[in-house]
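Generate the whole structure from the sequences, applying the supplied hints.
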Amino acid sequence: MELAYYSDYAVRLVNSEEPARGKDSLTSVEAVRDLFGGNQSAARRATDADVTRFRSVRARLRAVFEAADSGDETLAVDLLNSLLLEFPVSPQISGHDFRDDDGRPLWHMHLADHPSNATAGYAAIAAMGLAFHLTEYGVDRLGLCEAAPCRNAYLDTSTNRSRRYCSDRCATRANVAAYRARKRLEADRADSTGLAAENAQRTHANGER
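Using full-length UniProt numbering, the first residue of the sequence shown is number 1, and each one after it goes up by one.
It is possible that some hints are incorrect.
[Claimed, not checked] Pairwise CB distance ranges, derived in the manner of DEER restraints: (1) 160 with 100: 43 to 51 Å; (2) 189 with 4: 18 to 26 Å; (3) 84 with 149: 28 to 36 Å; (4) 48 with 140: 32 to 40 Å; (5) 99 with 161: 36 to 44 Å; (6) 23 with 95: 35 to 43 Å; (7) 140 with 100: 36 to 44 Å; (8) 59 with 185: 32 to 40 Å; (9) 161 with 109: 22 to 30 Å; (10) 100 with 75: 38 to 46 Å.
Note that these hints are calculated values from the structure, not bench results. C-beta atoms are modelled at their ideal positions from N, C-alpha and C, and glycine is treated no differently.
As structure tokens, then:
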């Protein structure tokens, strides 16, 4: 079962909104369908009603990441468990994507489309994938980007649990900002030191008069 792949469903949905920037790309049924990626059979089932439902699930998934990012493991697990209970998965054996050298199906576990609606199916897959990542790698592997104002979600797969940003672009932007801040601080300190030395010289000169 490609649970590592399914965990990306949660990230894609959460990052369809950037609250700090006032941006939301989830405004149409076409945007909902785009979230399914290659799963076109499930995407085709989406309707206009799913836009509102997807936004509701998105808020709940973001709450999981926010709890994890703040270090509240119990809350993150409780929130994710509520999604798992509300949107149960339907596993099935599939062989439609992979074949061996003789053309025979390579059977594997697959999460079936939810019979209810597109939102229920997507939410079930996203919650299950995220639950796998959480239990396999740890709650602290769920994070929110530290490059303000970006707060996009990410899944930390680094070997030393060092990831802090959602993308290389945000990492570069944060590093440049930190470098410039250091340079400004150094310049301010140099100005302060120079001013202090100048004042000391004036005081000394006045004392000799």
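- [ ] May I ask which of the numbered hints given earlier this structure violates, with the numbers listed in increasing order?
- [x] 1 and 2
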